[in-house]
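Could you fit the two chains together into a complex? Lean on the hints.
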Amino acid sequence: MKYRALFIVILLIAAFFAGCTQQAQTPAQPTEIKIGVIASLTGPASNVGKNMWQSAQVAADEINANGGISFKGSKVPIKLIVGDDESTQQGGQKAATQLITGDKVDILVGGYSSAVTSAYEQTVAEYKVPYIVTGASSPIITHRTDIDTSYIFHHCPTTDSYGMYTTTFIDQVVRPAVNKKIGAAADRPFRLALIYQDTAFGKGVQTAVNDTITKNNLNIQLVSQQSFKMGESDFRTPLTSIKAAKPDAVYIAAFPNEGAPLISQARRDIGLNTIFLSVENNDNAQFYKDLGQYGEGAIIESRFSPYTAPVGVLANTQSKFKNSYNARFGAFPDMMGASTYEGVYIAAKAIENSGTTDKATVRQALIDLNMPQVIEAMKGGTISFGKDFRESQFDLWMEQLAYNQTIGESRPTIVWPDNLKVTGFVLPDWYQPGSP
Amino acid sequence: MYDLGILLQIVFWGLYAGCIYILLATGLNLIFGVMKIVNFAHGEFLMIGAYITATVFFLTGFNPYAIILLSMLTLIGIGAIVERLCFRPILGTSKLNEIFLSIGLIYIFTNSAAMIWGDEWQSIKSPYQGIAVPVGSLNIPLDYIIIIVVTTVILCGLYLFLKKTKTGREMRATSQNRKGAMLVGINVERMDILSFGIGCALAAAAGTLWVVSGQVFNPYMGSIPAVKAFAIIILGGLGSIPGAIIGGLLYGIAENGAAYFLGGVWKDAISFIILIIVLIIRPTGLFGESGE
Chain A
1 MKYRALFIVI
11 LLIAAFFAGC
21 TQQAQTPAQP
31 TEIKIGVIAS
41 LTGPASNVGK
51 NMWQSAQVAA
61 DEINANGGIS
71 FKGSKVPIKL
81 IVGDDESTQQ
91 GGQKAATQLI
101 TGDKVDILVG
111 GYSSAVTSAY
121 EQTVAEYKVP
131 YIVTGASSPI
141 ITHRTDIDTS
151 YIFHHCPTTD
161 SYGMYTTTFI
171 DQVVRPAVNK
181 KIGAAADRPF
191 RLALIYQDTA
201 FGKGVQTAVN
211 DTITKNNLNI
221 QLVSQQSFKM
231 GESDFRTPLT
241 SIKAAKPDAV
251 YIAAFPNEGA
261 PLISQARRDI
271 GLNTIFLSVE
281 NNDNAQFYKD
291 LGQYGEGAII
301 ESRFSPYTAP
311 VGVLANTQSK
321 FKNSYNARFG
331 AFPDMMGAST
341 YEGVYIAAKA
351 IENSGTTDKA
361 TVRQALIDLN
371 MPQVIEAMKG
381 GTISFGKDFR
391 ESQFDLWMEQ
401 LAYNQTIGES
411 RPTIVWPDNL
421 KVTGFVLPDW
431 YQPGSP
Chain B
437 MYDLGILLQI
447 VFWGLYAGCI
457 YILLATGLNL
467 IFGVMKIVNF
477 AHGEFLMIGA
487 YITATVFFLT
497 GFNPYAIILL
507 SMLTLIGIGA
517 IVERLCFRPI
527 LGTSKLNEIF
537 LSIGLIYIFT
547 NSAAMIWGDE
557 WQSIKSPYQG
567 IAVPVGSLNI
577 PLDYIIIIVV
587 TTVILCGLYL
597 FLKKTKTGRE
607 MRATSQNRKG
617 AMLVGINVER
627 MDILSFGIGC
637 ALAAAAGTLW
647 VVSGQVFNPY
657 MGSIPAVKAF
667 AIIILGGLGS
677 IPGAIIGGLL
687 YGIAENGAAY
697 FLGGVWKDAI
707 SFIILIIVLI
717 IRPTGLFGES
727 GE
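Taken in sequence, the protein lines are chains A and B. Each step along the first sequence adds one to the number in my numbering, with nothing skipped, and position 282 is 282. Going from the second sequence to my numbering is simple: count from 1 and add 436.
This is chain B alone, in the form it adopts within the complex (with noise of 0.2 angstroms):
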């Protein structure tokens, strides 16, 4: 029979992968449910908070986790410049053109990426690496505690700011009803690129913890996690960030399981059976509502 330790160093993989998905996935699913656009070059602002959190470690050779924070700022600044300048202007005309923009952006942020950085694969070394902390019956890589731990850091500052803020309360009114927020004088012009702005940031720190635990990156990487985290906003509810938190749990669990028990070539498989059962039995998702 299968050896639990085993089992559970495989859910522990899972969690990893899962928290790149979480990131990812709920910073799209922020935006979707404020603007409702479709942003396939979602992928590229993680590949482009990947490389600025390894360029600024080549220069300096600071921490990278401490280097999350200049990447999740500056994937602001990006992020309001796009909005500003691509989306806006398209918001409320067809899908179509949101879909034909984004395509346009991915091909943008990639052959700039591959003229600034190059097109070659990289890698950095976390200052971590080779520490290992038992847990259990495991030896687990501190790197990935570290991960899990700023993943759940970030996520409660998302909750709290959602939550507790004047700004995060308008952003969700603006989600739920936006003509109902315009009525009662929010800008919700300023909530569309507060959004995007925050979704981009969610998707660099995904790319920083992305380089950090030691995966090569290059120009191309975005395309496959955008993908899966469509797939798993779609999974979880479109707009809902629970949804999005439990969905990319359970894809980066369910990869890795798929991997050790039917092979690695089932590992991408994997997710879309699941999405696809779930949306026979459960069109909305797990979490999403009608409508959406």
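For reference, chain A alone in the conformation it holds in the complex (with noise of 0.2 angstroms):
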């Protein structure tokens, strides 16, 4: 009996003991906060992949330079590393199962292919690390049900939202251009062509079209919809079948090392002398550089671009963002690193607002953030994520280029929205329209 007693105090002392080991061992002040990036070093989408990188720099290096995250009264410093997807999806499975599982990073940022960031979506969803997705725009990233999406938020625009944009524009602008120029009455349908890369971002794309043309009832006819795959450089047999079907312009859902070689067999080869209307990926400065005299008149759908800005707040934001990444890279951010310089703007908000670390307590916070915007328009002026999908939105502009002899390049010009136009959208002389 006696032994049974000392055996309950000795539990006692022993269970008091553990109960002031278990407060000791209460996560102490963190001495860094890691930030994963996932970006394509290398690759065919490297081009992007190391904008996406080097931008996510410049914002640690800001964030640093304020002493770090504020973090329970105190500052915190981000350390950035960087999970290089390879621009495949097996490089995507490998970079992400490193920087959860070997480095274990707080939170994520990156991730620029859709059909590489979906395929390893499934590591992230089961560790449930926070991943603030700035690249890749097809909405499965956040919709798709097989499954559990909930630690992953989209912080650019899908191309649900950009294809209809794209295609809206082409109705209210560029279609009663056309019309005007060779004096075609108001109802003559527009002929538009469609090639895109068959993967999730293209087929995003061509059913973003599809549907707006059938939802709004535009008077937009699709005479072709050619597709090519991944990492296609020669476009001339797809481009031979667009010009037999007579288009007044061409949309093309591509990545910028796709979209420069296309537009250009298809002015210089094909002799398509009609509007290139281009995915924002495209606004890059490797983009302008491949394009050269042949961008002359073409469209890029943007949000940022390396060579211009709205007029307005963001204007001074958007410089000050570029002067430093070229003073420290020697050469221009583009779009992909402009969100993603931002993504890591929100995961820095994110874990300053959620004073911890804690995933689940993370992802709370983004599902709560009500942040102003840093250096790309959004809409109503602030970073937060809708309820559904946990999409940011964005607002969007269309550019068009002007062949500069001078530099040897095009350069764009904001013509639509009317809020933040510089000059009016106009078809060059050379243009030649579909079948009146």
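Don't read these hints as lab results, they were simulated from the structure. Any given hint could be a false lead.
[To be verified] Heads up, simulated EDC-like pairs for lysine to aspartate or glutamate below, C-alpha to C-alpha not over 16 angstroms straight-line: (1) Lys289(A) <-> Glu556(B); (2) Lys421(A) <-> Asp395(A); (3) Lys229(A) <-> Asp704(B).
Quick caveat: nothing in here was measured; it's all calculated off a predicted structure.
What follows is the structure, encoded as structure tokens:
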């Protein structure tokens, strides 16, 4: 009996000390906040991937220059860790696994190709790591139901969003301009051709264009829809097919390394003298360089450009970011870089608001986030994620390119919408409409 | 129905693509014929040739068609070094050694190129871009006519070398019967190094024509063309140079035809569908001999 009492006393003492020990093991103030950046540092998408990684570094440097993230009354610096997805699904899987299980990052930022990003989302979902996707634009990133995407937040316009926006621009601006040029009646159907990358991204744009035309009953006829595989560099045959369909304009859903040769081959080899409309990821310095004179008259849907900015409050902040980037890397950031730069700020703000690195709490902070826009124009001037699919909402614009013979490259000017435009859209002299 | 002019244009794009494939596959076949080795890194020689042409073009502004000679000569040297240091030590050993060695070379060449030139895509502009020549109902860009002419000249030069020169005949003899060639006093090791060098030079020519045509290039560009070149030499017949030429043309036209009639995603698949059909009907390939 006395042994039993002694045993109970020992147990109680042990429990007391265990409690003390437990208290002592409560997460202490971290010495750094680890942000994992998934980017394509190698492979076909490396140009954009490096831009994303370097932009993230600019953001982290700026935050760390002010001491870091405010965390429980003191400042904690950010440590960025990059994971190279190698522009492949397997590479993405390796990068995500290493960052989550090896480097034990607190939060993830980045992701470019939708096909690559969606391949490793399963790992992110499994480990419940908050992930701010800043490049992959397919809506499936947060809409898919085969995995739990509740920890994934989308900070870039989706293909639904910019596909709809570009189609609306075609209907409201390009269609009347073409009708005016050829003296056609206002009800003449506009002949649009679509050429898209055969991936979630390209098909997303295809779906968005078709849906926008159908839902809004637009007077646009899709006369040709051609696909190509990711990384393609010879587009002459699908372009020949498109030319045969006699389009008034061609909408291209491609990466910049595909978009530039596509437009060059269309103008130079096929003689397709029409208006080419590109997706926002093409607003990239290398794209302008490769396009040269063939960029004349082309349109890019955009939200951040290396060579132009909308007038207003964001002009200075965009200029500051471009200058910081240029000073450090000797080049200009692109749009995917801009959203990744913001992604680091969003991650920092969410952790700051949480006051912890606990992933569930950080996720909730992202859901509740309402921070002022950083360098890109957001709807309502604030960054917040929608309740349904955790997507932030951007203000977009359309740019038209003009060839500058002195520098041997084209440069953009914002032509739409009215509140942001610097000049109006014009049809070039060489423009040839489709069948009247 | 289909417009004849458009179909002719598709065939022409196929001829252009076929020229790149022919040069790559002919070089690969020449090496296989003489050395009987499988080199999966052959596409990387195309990539290096492309970069040499582009680099010299950026530095000097010379006509890129003139730089093709420099690019080919450089690749003869690089090919000779690779043959001497990498392939000769394992010649006659297991095929697995050749496969793993060539896979290793892919990584070495790709990463070296990325280190030297960066791994971002690049492009150059031909001095003749924008010039088109009316050919019947077609308006053909001058660059593509030059590409077809250059390919024809290179192939004729190779034919004359193999048929009319003593070294060429020795090379063919080595290809037909290595032991027999040794017995009659042919230095087969010299033939190995020479065939490897010429094969690499042909890949360099393919790389130059690739960049001149306005296609973008980066250090990773070689893998897909190399796979297609292998499919072409299997289709045409292992070791058969006429087979590589016919196979290359067939592939170029079939790819572009498939892209037009079936959609761009079928472009690569159609080549392998043809390969499977040919292998079922004629396992030695179109021009191959049994036992290869």
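Failing hints, ascending?
As far as the earlier hints go, not one is violated by this structure.
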